[in-house]
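Chemist: Chains as they are written, first to last, in our numbering: chain A, 1 to 660; chain B, 1 to 660; chain C, 1 to 660.
One should not assume that every hint holds.
The list makes no distinction among identical chains, and a pair is therefore deemed to hold if it is satisfied within one copy or across any two copies.
Claimed, not checked - Below, in silico cross-link-like pairs of lysine-lysine (DSSO-like), each with a Cα-Cα straight-line distance of 27 Å or less:
#, residue 1, residue 2
1, 621, 535
2, 621, 553
3, 271, 553
These are computed hints drawn from the structure, not numbers from a lab. Fair warning: this is a prediction, and the values are worked out from it, not measured in the lab.
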Amino acid sequence: MRIGVDYYPEHWDRSLWEQDAQLMKETGVKLVRLAEFAWSRLEPEEGKFQFEWLDDAIELFHQKGIEVVLGTPTCTPPNWLVEKHPDVLPVDAQLHPRYPGVRGHRCYNSPSLHRYTKIIVDKLARRYANHPAVIGWQTDNEFGLNECNCENCNEQFRAWVRAKYGDLETVNREWGTVVWSGEYSRWSQVTTPLGGSPHLNPSYQLDYYRFQIDSCVVFQQVQLEILREQCPNQFVTHNIWSYPTMLDYYKVCEPLDFASLDYYPNTNPDKADTNLYSGALTLDLTRGIKNKNFWIMETMSGPPGCWFPMWRTPQPGFIRAFSWQSISRGADTVVHFRWRSATIGAEQFWHGLIDHSNVPGRRFREFAQLCREVNKLSDQLDGTELRNDVALLHSHEQYIAFRIQPQVEGMDYFDNLKVYHRALTKLGAGVDVKNTTDSLDGYKLVVAPSLYLLDEEMAAKLHAFAEAGGTLVLTHRTGVKNMNNVCWMEPLPGPLAKTAGIQVEEYDPIGTHVHTLTMNDDKSYTCTQWCDVIKPVTAETIAAYADDFFAGKPAVTVHPVGSGKVIYIGTQPEEAFFVDLFQALMEESGIQRFKDLPDGVQISVRQKRNEQYLFVLNLSKEVKTVEIGANYKSMLTDEWLEPVVELAPYSVDIVQYTAG
Amino acid sequence: MRIGVDYYPEHWDRSLWEQDAQLMKETGVKLVRLAEFAWSRLEPEEGKFQFEWLDDAIELFHQKGIEVVLGTPTCTPPNWLVEKHPDVLPVDAQLHPRYPGVRGHRCYNSPSLHRYTKIIVDKLARRYANHPAVIGWQTDNEFGLNECNCENCNEQFRAWVRAKYGDLETVNREWGTVVWSGEYSRWSQVTTPLGGSPHLNPSYQLDYYRFQIDSCVVFQQVQLEILREQCPNQFVTHNIWSYPTMLDYYKVCEPLDFASLDYYPNTNPDKADTNLYSGALTLDLTRGIKNKNFWIMETMSGPPGCWFPMWRTPQPGFIRAFSWQSISRGADTVVHFRWRSATIGAEQFWHGLIDHSNVPGRRFREFAQLCREVNKLSDQLDGTELRNDVALLHSHEQYIAFRIQPQVEGMDYFDNLKVYHRALTKLGAGVDVKNTTDSLDGYKLVVAPSLYLLDEEMAAKLHAFAEAGGTLVLTHRTGVKNMNNVCWMEPLPGPLAKTAGIQVEEYDPIGTHVHTLTMNDDKSYTCTQWCDVIKPVTAETIAAYADDFFAGKPAVTVHPVGSGKVIYIGTQPEEAFFVDLFQALMEESGIQRFKDLPDGVQISVRQKRNEQYLFVLNLSKEVKTVEIGANYKSMLTDEWLEPVVELAPYSVDIVQYTAG
Amino acid sequence: MRIGVDYYPEHWDRSLWEQDAQLMKETGVKLVRLAEFAWSRLEPEEGKFQFEWLDDAIELFHQKGIEVVLGTPTCTPPNWLVEKHPDVLPVDAQLHPRYPGVRGHRCYNSPSLHRYTKIIVDKLARRYANHPAVIGWQTDNEFGLNECNCENCNEQFRAWVRAKYGDLETVNREWGTVVWSGEYSRWSQVTTPLGGSPHLNPSYQLDYYRFQIDSCVVFQQVQLEILREQCPNQFVTHNIWSYPTMLDYYKVCEPLDFASLDYYPNTNPDKADTNLYSGALTLDLTRGIKNKNFWIMETMSGPPGCWFPMWRTPQPGFIRAFSWQSISRGADTVVHFRWRSATIGAEQFWHGLIDHSNVPGRRFREFAQLCREVNKLSDQLDGTELRNDVALLHSHEQYIAFRIQPQVEGMDYFDNLKVYHRALTKLGAGVDVKNTTDSLDGYKLVVAPSLYLLDEEMAAKLHAFAEAGGTLVLTHRTGVKNMNNVCWMEPLPGPLAKTAGIQVEEYDPIGTHVHTLTMNDDKSYTCTQWCDVIKPVTAETIAAYADDFFAGKPAVTVHPVGSGKVIYIGTQPEEAFFVDLFQALMEESGIQRFKDLPDGVQISVRQKRNEQYLFVLNLSKEVKTVEIGANYKSMLTDEWLEPVVELAPYSVDIVQYTAG
C-alpha cells in the first residue's frame, strides 16, 4: 500500500528533475507514473527512438527508492504518424476526422495504429522489462468508446456482424430491419451509423456499440500480448475514467492484473451532500470490475480546469480524506495527479499538488501528511480486502440501451443506481457493485435495478439466487427486451414475471410528475419517473399508488421464492423509501451494518485473516458524531478514542476492530 | 363512418395474422391500413418483386370483412436502391447526405427516386386496383418539406426560378439582390441555400421553400398519375402530419380525394387546458384543407415514445373522447396507430392499442367500446358535415415568411392563431379554418390574422367581403410585404390601409413586455408582442394603449366598409380580449353559437339535409356541467338526458338535435 | 462636427434620389456614406465597371452641399468572383466554406481576394480621389476575426509561425507541444485549428488568433496602400463593430486617420440601468483606440432586427440623447444608419430614420432636431477633446486568452471591465480606456484589470507609473502567463508580485458562489468569481475574507511604491466596493470629478484651449436632478439654467463651463 504521483519529466526542465525526486522521497512518495503521453518524445520521427531521457528519469527515481509505472503512449499518436497515415484518425458520423492536437485521436480499428503501436510498445517493453524500478504498465489512457465511422470501422463492423449472425437473413430478423424498409440485401449495405441519427434501429445501434467495445478490447490486446511476453514479472493495468460510460470496463479489464481508476471527487459545496456517496459508488464499482482490490491511478490534487472553468479548490482535509476513502473501499495504491501543475499545454489549470509557482503550499502539506500516514499503516493494511453481504448489479449494456432509447423524462439508469447505493451506504452497509453477469454466490441481498435487457439465463440465475434463500430486489423496466434489444412478447417483467409473481398490466411514464405511494401501514413516499400498474399473480402487495386512475393498484410487491423472496418495485420512489425498505430487508436477512450513521460519515472494513480494520470517515464539511461501540486506539495518532467519536470535517480515523 | 387500425403484417410472425384479424373483426374494426413502409419487403432486390405476403394479408382481412387502404412505400427507399443510386438521398446545407436507416431519406427531385417510384407504384396499383377489399391508397407517409441541397435540387431550383422570372435581371430586381452585392450575373450562381445561414435574402429564401413545396407536389404527382390511371375506382389520400409546417398542405392535397391527418393529442396533464383547443384547431384546419370531411389515418392508441422519452399514457376515456372529437369536427374514418406495439425497430415505444405482451388491456377495451359506438351510429352520421358562419384564415406561406424573419420575441404566427381559435371555440362557435386564398362567400365573420405577405388581389377580396356585409378582423403585421417578401413602400397595413381606415404611424416590438390596452368603456386587457401606433383616417378607435410613450394612442379600430365593417387590432391582447370582442361581433352579426360552455367542453354539430347531430364532449379531467337546452335521447346509450347534462371526465354524448 | 446618414442609392429607384437628397439638405444632414457593399453594382462582371450611377449620386449630394464618405465594397465579393475563385471563401474548422449570399464571405488570406480588391479599390480611388464632395474612405465593413482554415490560411499560418519562431524546435518549446505528444517534426504538420476543439494547446490557439488578426491588418493594408497613394487629401477610416471582440482594433486602426464606431445602444428597458454605462465604456474604448476623437459611422435610427427578432423601438429622446452621448465622449461626426429602412434584403427590419412607408415620423423629427442642434454648436465644439486623469486598461489579447481558457464560471473579462468603468462613471470621473501597451504618462489613477498575459516590460512600465506617484489598481488573474500563454513559474501575480508587495499563497475559484469581504473598518461587501489568498510581503492588508477556510486572510492590499501606491484586489467584489474604493483613491490623488450624480446621468467635458463645454445627459427614462454648481446658459436653448437642473428623461444640455 502506497501513495504515488503522476509525473511528466518531459514537461520540465532537466534542472528540476533531481529536486522534484528528492522532495518526493522526503515526502514519502513511493511511486511515480511516467510516459503515458510521451510518444512524440520517445519516437520523434518514424523509427527514430529516443529513450535516454526516460532511462535517466527512471534511474533517478530508482536511486530515490521510488517505483515506476510506465504508460504506453498510444492515446496520443504523434504528428508524423497522423500525417503519414491519416487512417489513424477516428471519423465522426458526418465523416469529419477527429484531428490531432488534443488526445484520443486514434481509431481502435486503424491498421496503421496497430502497426505503430506494436513497434513502440515492443521497444518500451524490451527496454524496461527488467528494470528493477519498473513494477508495471498502464495501457494507453482512459479508454473511451469511439463512435468512429472510418472505412476500417465500416469493414470490421461488417465482419463483426457477419461473425455474430452468419447471414443477412438472420441479421434482418434479429435486428427487425423490416421496419421502415431497412432490410439489407448485400453486406455492403451494412455500415456504421452514418449521419448519427438517434432514430436508427435500436438493435443495430446496440450491436454497433458492442462492436466498438470489442474494438477497444482488441486494440488493448495488441499491446497486452507484447507486454505479457516481454514483461512477465510486471503487472499490467489500465486507468479507467469514471462512470457511467458506454465502454464496457468489465471487458477492458478482464485481461488485466487489476483495474485502476482516475478518481476526481467533485469539490463543489453545492453537491457536497450527494458527492461523497457518488464517490463511494464509483469506488465500489471499480472494486467490482474485477471483484478485487484496485488502484487509484489519478486523483484530486487541486482544482481541475482546462478548456472548462475551474472547479472550487479542495477544502482543507478534502484531498487526504478522499484518498483514505479510496483505500477504505479497496484501493491498494493511490496516485495523485499530478506532482506540479503544468505550465504548458491544455491542462495548465488541472492543478497538481504543487502550484505553477513551484512553492509547496497547503495542499502539498496535506498530501505529505497522507504519505506519512499511509507509509505508517502500510504493512498492516497490505493484503486486506472487503467482504460484503449486499450486491448491487450494474451493466454498461443496460446503460447503453437506455441511452439509445431514453424511457421517460427524468429517468437515468445510473442516477437511479446512485439512489440505491446511497440508501445502502447511509444505512452503514458494505455493498459490492457487480456486473449483472457475475455470480451472486454468497450474497444475502441483491439489488438488481432495471434489467431492461434480459435473457432466460440471467433470469434463471436470479431466480436461483432467491430460491436458495436470497433477497432479490427488482425494479421497473425489467425484462423489457431480449439481448438484441427486441421487446419480449410477454407480460412484464418478461422472463422474471414468474420470479416476481406478478404481471404488469400497464404503465404510465409519469416522468417528472410527482405521485404518491402508500405502504400497507399507511406510510407514504413520493415517486416519479414510472408507474407500473401491477397485477399480483402469486405475489403480495406491500405498497399501492395513491393517486391517478391507478390509485389503489399495487406498486410494490413481495413474492416468496424457495427459501428467499423477491421484491418488485414498479416505480421510482424517493430515497427515504429505499432507506426504509433496505433497512427492513437487511434486518430480516441478518446483514451486519453500522447503524445510526450521520449523513456524510462513511464506515468501511478491510480485513485479512482475523484482522479487521475499521475506516471511519467524515467526508462532510460539518463536525459529526459517530458511535463506534468501544474504546479503540487510533492507528493514525496512536491515541485512544472514546466509543463515541467526534469527527472534524474531512477527518479520518482508522482502528483495528473487533466486530461486535 | 368507421374505425380502423394501422397494421404491419410484415412486422409479425405469420402465426399472429389470423388471430389479429379475427380479434379485429370481433372488436368491430372495419378497416386496416397496410404496406406504407414495406418497399424492401415488396421489392427485396431491384426488379425482384414479392407480393404474395401482401396478397395473403389482404385476402385474410377481406375474409373478415375488413377493408384495406394501401400505402405507397416511397417514404423508405430500400438499401439496394440507395446503394445503387445515392442521388436518392437528400443533402443538407453543409452537403451532408441524410443517410438511410430511418425514413424520409429521399429527395423529391431525385431522378432515380422518380424512376423506381414509378415501378413500385405501378406494380402495386396494377395488382390491387380491382381487389374488392382495397378501397383506396395513401401516398408515401407524412410528407415534409425537404431542405435539400443536392445537385438535382440545385439544377431544378434554377429551372424553377427561370420559369418564374424569365431572366436574371428580373430575379435580381424582384429579390432585391443588390443588397450586399448578391446580384447574379450567370444562372450557375443561383444555388440552393448552401450553408443554410438565416441571414440569407428573405425573398430568395421564400422562393426556395416554394420550390421545395412544388417538388413535393410533383413527386406525389408521379404516383398519382399511375394510381389515377390504374385505380379509377379507388380513392387516393395522404396522411399529413400536424401543424404548423412549412410544407403547403393545400397544394399537396389539391389533387387528392380527401385529406387525412395523423392526430396525436398531447396526453400531458400540464397542457390539458390548452391541448384540447389546439386539437380542435388541428381538426378544423384539416377540414379546411379541402373544405370537406377528412380521415384520421393515425391516432393515439397509447403513450408515444421512441428516440425521445415516452409521453404520459392516455387517461381512461382519452382515446375514445379524442376519437369522437375528430368525428365531431369532420372525420369520417378514424384509424388508430397501431394495432399492437412494435417489438422491433425504432418505434417500439410508440404504443399501439395492444401492448408488446399481446395481452389486450384497458386501452384496448376502451377502443372496443369506441368501435361499437361508431358502428352503431354509422348509418345516421354518414353524409353529415359541418356548416359554420365564422372563418379563420391560415397560410403556410405566412408561416414560412415569419420563420424566415421572426418579427419579435414571443410572437409566433401559429400560436396566435391558436388564441383566436380558442377564443371562438370557448364561445361555442363553429369555425372553418381556411386557406387565405379560399373564397369567403357565405361567412359572416372572418378573422384574418397577420396577412404579412399581401397582394392587391387578396386585399380586394377581403375588402369585398366587408363591403358585402361581412365582419372582417385584421391584426398587426398585415400588409408588410408583397408576395416576393419585399416591403411595401406605403403606410401599414399596406394594401389594406384604406379597408381598415387607418395608417400605422409607427410601431414598438414590445415582445414579452406586458402592456395594457384600455377599451372605450375603460375595460382593460394586457397585450404583448407588438404595438402598432395607429392613426385613424376614416376608422374609429375602440381601444387605446394605456402606457409607454404611445399611451392614449389608438390600438384597436373599427371601420365601416359598405354594409360590413373592419376591425384592426394593432397589438396582441390576451385571450380574454378576443373572447369579449368575438362575442360582441357574433352577437351583432347574428351568428349562432353554444353559450356558457365551461372550459374543456366542446360542442359541434354535423348535419345533412334536415338532420342535425350534436356532439357534446368533455375533453377535460374534471366533471363539467353543460346546458343543452332540451331533453334529448343519447344516441350512445339510448337514455334520456336532462337539459342540463353532467359530463364525466373525457366523456362524450351525441344527440339528434333540433336547433333552438 | 456634423450629422450624417448612411445611404444606399443602389437600393432605391432613381426617382427617390433627388427627393431624398433634398430632404437631407433641409434637415441639416451634412454627410452621407455610400457604396460600402456595392461591388456587384460597381463591377457587375469581371473587368466590366459601372460607375456612372455612383458618379450621379455623388454629384447630387455635392449639389446639395452634402459631403461623401465612400466605403470600399470588399466585405461582399460578388457572385462572379466567388464562382470563378472559390478560394475567396473562408472555411470553418470542419472545412465547410462560408458560402456567399450574406456578407463577410471572404478570407483575408485569399490571393484572389487580394487581386480583385486591388482592382476595385484602385478604380474607386482614382475616380473619386479629387471629387470635391468626397472627403474620405471607409475600408470594408466591420472587420471581424475570421477563424478560417482554408489552404491559404494554412500555408500562411505556417509562414507566420516560422517568421515568429524560426524553427520547429523553438515552436515546440515555446508552445509546450510536448504535452500530449503534440510535437511537430515537419512544418507541414503545423495547421490551423482543424476540428476546432477547445481542448487545443492554448499557446498555439493564441498565436493562431494573432495570425488571423495580422491577416486582417494585411488585407486592409492592401487597400490602404492604394488609397494613400491615390487619395492623399482624403482620410481613411474603418467602422469597427462593438466590444468585446477577438479582433485587435488597435492594430486594425493603427494605420488609419481615425477610428469609427458602429454604435447601437440597447433599447431594452430591462437593461436600461446598465446599458447607458456600457455605452459610455464603448465610446471611451473607441476614443482610446487611437487616443483621439473618432467618428460614429453608424448609429441607432430605429428598432434593429433582421434574422433575429426586432428590438424595442427607441423611446422619444433616445436617438438624440445617445447621439449627444457619443459627441460628449469624443465623436466628431455621427452618422445614422440608415436614412430609410430597406424594403429589400436581409436587413429590412434594421430600421432607418424613415420607415418603409417613406413617411417621416417621430424618430425622423427627433433626428431633425439633433441636426439643427449640432449644426448650431458645430463651430464652438470643433477641435474640442477630452482630458482625463484616470485610465482603465483594456486588451484584446487578454480577452482572447480568457476565451481560450475561461477561468471560472461567472468570470468574464469584459463584464468585469464594465463594472470598473461603471463605478468610475457613476462617480463622475472621466476615464480614458486604453490599450495595455499604451503610455500611462499624465494619469493619476490607472486601473489595470486581470493582466493575465504579462511580460517583464509591461510590469516595469506599471511599476514605473506607481513609482512616479501614480495609483495603480491590479486585480486577480494578473501575471499568470507570459505572452506565449505559458504559466510563469513564480508566485502570483508573477512579474508584478514585487510591485504589489504580495504573493498569492493559493486561490479558490469560487465562481458564482457568493463570499464576503470585510474592510479594515468592518464594512462588508460581497464578492464572487475568484479568491486569491494573499500573503502580504511588503504590502498592507485593507480587506480580508470573512468566510470559508481562508476567513481572515487578506483579500485586498495596498503597497507603497516610490511616491505612489499599488492596490491589489484578489477577488471580484460587487460594484459598491469599487465605487467606495475609487472614490477614496480619487480623493487621495486629487482627481476632479462631478460628485453626487444620480444614476443615469452622465457628465463629460470637451475642451480646447481655455474653453470647456459641459455635456449633461440624462440617459434614463426618469426625471433626474443634478447640481451643476452655477448659473449657465444652455447652448441648445439659449436659456439660463438654475444651478440645480431638473433633467427630463433622455434629455441633454450643454453649457460653456468654468471649472469650479
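Chemist: Each of the hints needs a verdict: does it hold here or not?
Modeler: For each hint, the structure was consulted:
no. : hint       : in the structure
1   : 621 to 535 : between (47 Å within a copy, 25 Å between copies)
2   : 621 to 553 : between (43 Å within a copy, 19 Å between copies)
3   : 271 to 553 : between (36 Å within a copy, 25 Å between copies)
Checked against the numbered hints given earlier, this structure breaks none of them.
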